Amino acid sequence: MSLLVAFEIVCTRFLAFENSIMRLSFFFIPLMLMGYLFGPWLAGLGGVVGDVVGMILFPKAMYFPGFTLNAFLVPFIYGLFFYQKNITLKRNVAAQITIMCVISLVLTPIWLNLLFKIPIIELMPLRIGKELIGLPVKVAVSYYLFNHETVNRLIRLRLTPVKK
Numbered sequence: 011m012s013l014l015v016a017f018e019i020v021c022t023r024f025l026a027f028e029n030s031i032m033r034l035s036f037f038f039i040p041l042m043l044m045g046y047l048f049g050p051w052l053a054g055l056g057g058v059v060g061d062v063v064g065m066i067l068f069p070k071a072m073y074f075p076g077f078t079l080n081a082f083l084v085p086f087i088y089g090l091f092f093y094q095k096n097i098t099l100k101r102n103v104a105a106q107i108t109i110m111c112v113i114s115l116v117l118t119p120i121w122l123n124l125l126f127k128i129p130i131i132e133l134m135p136l137r138i139g140k141e142l143i144g145l146p147v148k149v150a151v152s153y154y155l156f157n158h159e160t161v162n163r164l165i166r167l168r169l170t171p172v173k174k
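Note that the sequence shown covers residues 11 to 174 in our numbering.
Careful: at least some of the hints might be erroneous.
[Stated by the list, open to error] Derived lysine-lysine pairs resembling BS3-like cross-links, with alpha carbons at most 30 Å apart:
| hint | residue 1 | residue 2 |
| --- | --- | --- |
| 1 | 127 | 95 |
| 2 | 127 | 70 |
| 3 | 140 | 100 |
| 4 | 127 | 140 |
| 5 | 70 | 140 |
What the hints contain is simulated information worked out from the structure, not anything from laboratory work. Here the structure is a predicted model, which means the values were calculated and not measured.
When you get a sec, could you build the whole thing from the sequences and use the hints?
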């Protein structure tokens with residue numbers, strides 16, 4: 011879990027293109043793997059740890075608890091869809107659309123409105139455009155990840171009990 015938290019911090023803080031209202035990043039990869047490997051609750055906790063530690067070590071703006079809630083919910087949702095389940099294209103698309111609708115198109119605009127007083131209706135065209143472009147990318151990357159032999163070997167290695 012700690013490696014995925016560190017990977018999430020790097021993806022969010024250093025490998026992202028962002029401004030005050032929009033972020034493009036591959037931070038979803040470690041969060042998705044957390045959900046798949048550890049289930050919704052532990053993955054959500056890992057997301058919170060990544061958000062708080064990342065904010066303490068590499069602050070980019072003031073701390074806002076709404077974004078920490080988002081950091082919990084994204085891997086939590088991935089855990090609901092992926093933990094101990096066969097990852098099909100349909101399940102993958104459903105997880106990505108759920109996160110897109112709940113987090114990106116509902117909660118994040120509310121947080122941005124509270125922080126910057128930007129009317130939600132003004133945020134929506136840009137956010138919808140970003141999500142419509144990002145959705146196929148996220149689906150393709152996650153589908154490739156879960157169907158790549160090397161990744162599957164690592165996952166099987168993680169799930170194999172250690173013999174004494």
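Inset, instruction - Go through the numbered hints given earlier and state which of them the structure violates, listing their numbers in rising order. - result: Failing hint: just 1.
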